[in-house]
Amino acid sequence: MDEVEARFAETVRVAGPLIARTTRGYEAEPQRRAELEQEVLVQLWSALARFRGDASLKTYALRVTHNVCARHVSRQIRDRSEPYADLETLGEAPDAPEDHLDRARQRALLLEAVQRLAPADRQLVLLYLEGLSPAEIAGVTGLSRSNVTTRTHRIRALLRTRLGGRKDG
Amino acid sequence: MDELELWQEDDEPLTVDLAAIRAGSEALDRKVRRRNILEIGVGVVMLPLLGMALVDVDVPLARLGLLILVAAVVLVIAKLWTGGRHPLPDPSADSATWLAGSRAYLEHQIRLLRTVPFWYAGPIVLGCSVFTTGLSVDGGELSSLPAYLAAYVLVGLGVVALNVRAARALERELAALPPAEPREDAEEPEAGRGAREEVAESGRRVPDKSWLILLLIQLPYWVLVLGSKIGLLAKHLPGLGPIAFLDALWPQLLALTAVALIGYVGVVSNRRFLVAGAVAQVFLIVLLCVMQSPLLYGMDQSGSAVRWTLAAWWLQWNEVAADGSWYMTQRYIAVACVTGLTVFLGAMGPNRARALGAAALAVVCLLLSAAGPLGSTVPRYLAQDALVYVYLSDLDIEEKWQRMRDRPVHPGIQELGPPERPLNIAVVFLESVGHGATSLAADGPPTTPFLEELAGRSLVADEAYVVVPSTYKAHIAALCGVEPYFTGDREIYDAPFDFDCLPELLGAHGYDTAYFTSSSREALGWAHLTKHMGYATFLGHEDMDTTGFEWANMWAYEDDIMLAPSRAWLEERTGPFLTTYMACAPHYEYLATTRYGQRAYVADEQHNRYLNAVHYTDRFVENLIDQYEALGLADDTIFVIVGDHGEGFGEHVPRQHNAVPYEEVLRVPLLLHLPGEWPEGHVADGLRSQLDITPTLASLLQSSLAAGSVQGQSLLGSPHERLYTSCLYTHTCGAVHTPERKFVHHFGDRTDELFDLSQDPRETRPLDERARSEQLRGDFLDWYAGGL
Numbered sequence: 001m002d003e004v005e006a007r008f009a010e011t012v013r014v015a016g017p018l019i020a021r022t023t024r025g026y027e028a029e030p031q032r033r034a035e036l037e038q039e040v041l042v043q044l045w046s047a048l049a050r051f052r053g054d055a056s057l058k059t060y061a062l063r064v065t066h067n068v069c070a071r072h073v074s075r076q077i078r079d080r081s082e083p084y085a086d087l088e089t090l091g092e093a094p095d096a097p098e099d100h101l102d103r104a105r106q107r108a109l110l111l112e113a114v115q116r117l118a119p120a121d122r123q124l125v126l127l128y129l130e131g132l133s134p135a136e137i138a139g140v141t142g143l144s145r146s147n148v149t150t151r152t153h154r155i156r157a158l159l160r161t162r163l164g165g166r167k168d169g
Numbered sequence: 001m002d003e004l005e006l007w008q009e010d011d012e013p014l015t016v017d018l019a020a021i022r023a024g025s026e027a028l029d030r031k032v033r034r035r036n037i038l039e040i041g042v043g044v045v046m047l048p049l050l051g052m053a054l055v056d057v058d059v060p061l062a063r064l065g066l067l068i069l070v071a072a073v074v075l076v077i078a079k080l081w082t083g084g085r086h087p088l089p090d091p092s093a094d095s096a097t098w099l100a101g102s103r104a105y106l107e108h109q110i111r112l113l114r115t116v117p118f119w120y121a122g123p124i125v126l127g128c129s130v131f132t133t134g135l136s137v138d139g140g141e142l143s144s145l146p147a148y149l150a151a152y153v154l155v156g157l158g159v160v161a162l163n164v165r166a167a168r169a170l171e172r173e174l175a176a177l178p179p180a181e182p183r184e185d186a187e188e189p190e191a192g193r194g195a196r197e198e199v200a201e202s203g204r205r206v207p208d209k210s211w212l213i214l215l216l217i218q219l220p221y222w223v224l225v226l227g228s229k230i231g232l233l234a235k236h237l238p239g240l241g242p243i244a245f246l247d248a249l250w251p252q253l254l255a256l257t258a259v260a261l262i263g264y265v266g267v268v269s270n271r272r273f274l275v276a277g278a279v280a281q282v283f284l285i286v287l288l289c290v291m292q293s294p295l296l297y298g299m300d301q302s303g304s305a306v307r308w309t310l311a312a313w314w315l316q317w318n319e320v321a322a323d324g325s326w327y328m329t330q331r332y333i334a335v336a337c338v339t340g341l342t343v344f345l346g347a348m349g350p351n352r353a354r355a356l357g358a359a360a361l362a363v364v365c366l367l368l369s370a371a372g373p374l375g376s377t378v379p380r381y382l383a384q385d386a387l388v389y390v391y392l393s394d395l396d397i398e399e400k401w402q403r404m405r406d407r408p409v410h411p412g413i414q415e416l417g418p419p420e421r422p423l424n425i426a427v428v429f430l431e432s433v434g435h436g437a438t439s440l441a442a443d444g445p446p447t448t449p450f451l452e453e454l455a456g457r458s459l460v461a462d463e464a465y466v467v468v469p470s471t472y473k474a475h476i477a478a479l480c481g482v483e484p485y486f487t488g489d490r491e492i493y494d495a496p497f498d499f500d501c502l503p504e505l506l507g508a509h510g511y512d513t514a515y516f517t518s519s520s521r522e523a524l525g526w527a528h529l530t531k532h533m534g535y536a537t538f539l540g541h542e543d544m545d546t547t548g549f550e551w552a553n554m555w556a557y558e559d560d561i562m563l564a565p566s567r568a569w570l571e572e573r574t575g576p577f578l579t580t581y582m583a584c585a586p587h588y589e590y591l592a593t594t595r596y597g598q599r600a601y602v603a604d605e606q607h608n609r610y611l612n613a614v615h616y617t618d619r620f621v622e623n624l625i626d627q628y629e630a631l632g633l634a635d636d637t638i639f640v641i642v643g644d645h646g647e648g649f650g651e652h653v654p655r656q657h658n659a660v661p662y663e664e665v666l667r668v669p670l671l672l673h674l675p676g677e678w679p680e681g682h683v684a685d686g687l688r689s690q691l692d693i694t695p696t697l698a699s700l701l702q703s704s705l706a707a708g709s710v711q712g713q714s715l716l717g718s719p720h721e722r723l724y725t726s727c728l729y730t731h732t733c734g735a736v737h738t739p740e741r742k743f744v745h746h747f748g749d750r751t752d753e754l755f756d757l758s759q760d761p762r763e764t765r766p767l768d769e770r771a772r773s774e775q776l777r778g779d780f781l782d783w784y785a786g787g788l
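Chains A and B, in that order, give the protein sequences. Its first residue numbered 1, the first sequence is counted upward by one per residue in our numbering. Its first residue numbered 1, the second sequence is counted upward by one per residue in our numbering.
None of these hints come from the bench; they were simulated from the model. Cβ atoms here follow ideal geometry from the backbone N, Cα and C, with glycine treated the same way. Just so you know, not all the hints are guaranteed correct.
What the hints assert, rightly or not - Covered stretches of chain B, as calculated for chain A (at least 3 residues, CB under 8 Å):
hint, region
1, 16-25
2, 163-177
3, 278-292
Stated by the list, open to error - Partial chain A-side listing against chain B, Cβ under 10 Å, derived:
hint, residue
4, I19
5, A20
6, L44
7, F51
8, R63
9, V64
10, V73
11, V114
12, G131
Stated by the list, open to error - A few chain A positions that, by computed beta-carbon distances, are all more than 12 Å from chain B:
hint, residue
13, E3
14, R32
15, T89
16, E92
17, R116
18, E130
Required output: the full structure, derived from the provided sequences and hints.
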């Protein structure tokens, strides 16, 4: 096993499910999602050859994933007829009462809500949902930490409204 | 936190197919390598091929096309190289950096695709068009040229359309990228800064370079026309003062300005249809180059008024020339259509007023250019743009030709009485030999010592003139005794003549007739001409043994090639005969033959070769008469030595002979030699004509004109009171000789001239005698129309 392959295996171990969920957040259609995953992994393989350790493997993998996905979304723009949803829509509760839905259904509805967001919002929501700290999110997005903090605060509030009607703080 | 837990409960594993990932990564590397190989490969394959073609092709315009193609290939490779080297956004960078890099990359690619007409399709189409045009022009195969040009333009437009489509897809992709949100507390990333510069730059887009594009498209045309025009003026009008030079140049500059203004309408003022405007402009310039080149070439060689058919003949576009002015008319229509389209596109664009204003100004420039020059020093045909001049003077050439064809022709001799003194006749036509180029002229070069000596025991017409300065017209005048048609090739192709000529007339009385020429049989249609004149035998160089003989010009060997077949033919004769020898050595090209060496007569190299060729004909005539003497035929033979016309070497601007109304061309040597007849020599003084040869021969043969008449009069009688000459190309020039004055008419191309040849034999000081000029002009035009 060469160095790149070892590094790749480690990255998949650390960030594999995270990459899978992120690509799902960007592409709903299964076939295209599989292709997108493949493209992300190919780019990741190539990028890992240049990995110099200036970020964690997870951050590094997430950068590649989000960037490749953003490019994918911009290429798909021709097929998209409806406009992106406003971030505020993330806070709208599902039609059915939450108690009546199982966890899988709630998750699916959350994914749908995420998939409707504009790419920039979507990136932040996805990174937030993966539990990254504001510093880590800043490392992936290139935004300032204060900007990230402000915006993830708002995202958390919207998500909590959606899931339980609770207001944070 | 609930939402995070909920989200992360989805632990569906990532599908990792390591083999596929490796393959995908390698495919990416291969793609980059393949692109590199393609770029270098194009250069490796194309540039040597083009280089080899450049060495092989010796057609200037085709070579220019190849040079454009070389430049185009280098440009394409350079563009692909630098374009391809634009840094791809690094996907492992943070998103803000990646976004900025992606934007910069997409902007660059879009710009590359949008400018394909200028760095790829345009130059390649232009190069191919010029190359094909050059080859077609050189080969005289112009019928398929428009199809080729249209195909190039269509393929070019197709390439442009595909690239525009690809650029639009990228623009949509660019628009869909998330807006860049740079970090506020960090250094702006390098790529991001670069990207903004790119974006700012791209905001100006291509039209800002439209002046450069216009310049690139039009520059070759300006260089071609202006360079040629300055060269023409320097060659044909040396020593022009600055004022006269400017007067000679401004009409051309105005015409070029009109072209530039149309270019402005098509390329600069019209951003909405920039690509269409530029393509139309390229087409227009190629078309104008195709039209201008032969005219400029013809004018360079002849220095004469531009005639489209003359230029076509010069380039040996025989089919095109036969098509007459219709070929040129089609191209004027094409120019009008492309110009109209350009102006229409300009008017549809956002700068309608500016476009229409520039178009109107172009029309004004063209009209003004047609008014020049202002002074009388410079001929109109040298100062005006060749296309303007031809449009104004040449497109109705068919109508003028028809008028000339309808001109009444003298019926000539219908029947010749039987010769009381059936002497043989040997006529020698000296091609392009003017009186002044021989030793017969008082101040002539010592080119013809034999003729000079022969003149001392011959009948000599010292002031003999042609009717039309053309070889086959001279045959009609000399051997049929009537003025030839002024134009066209009617004598060659429209058989039979309306009149009879000596070979046919004497053939009726038992004369055997033969025509020898050192040229090819088909040159200038002599095979047809001599057949119509009634010669029983006709021999060109194809019928002769060419071993040991050199080419004397483009279609003739040195004249001694005729001696052996002449001897063979003469040895078989038992009765009277008429022979004619066409000595072609001094025709244009004037190749330096070595048989009799080369002497230094004048400094000008071309003129000197011509004078050496004249000397060659002198030796040929001597050899020929020696042959007749050796065969015991000389004492019973009348030798007629006559120049068909002279040759101009810029003495009065025009060169060569068909459109030169001056003495160097119109005045020819003419002597008749009959051993023992004029032992002390006899000068037929006064104005004499080639028309006089037939009646003189009839007189010497003591043969009566049984029916019909001639327009000449015997050299043994009194001279003409007046002689008229027309240049070969209709409505170009003509002259009237009277004992006191010579009048030259230029049909408006320049001021008419009046000379006193006794005081001004070189015709350098025109006289200002208006009344006499008016009278002679009126007489000339009456004669020209057939009124006399």
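Query raised in the report: Of the numbered hints stated previously, which ones are contradicted by the structure, given in increasing order?
Result: 3 and 18
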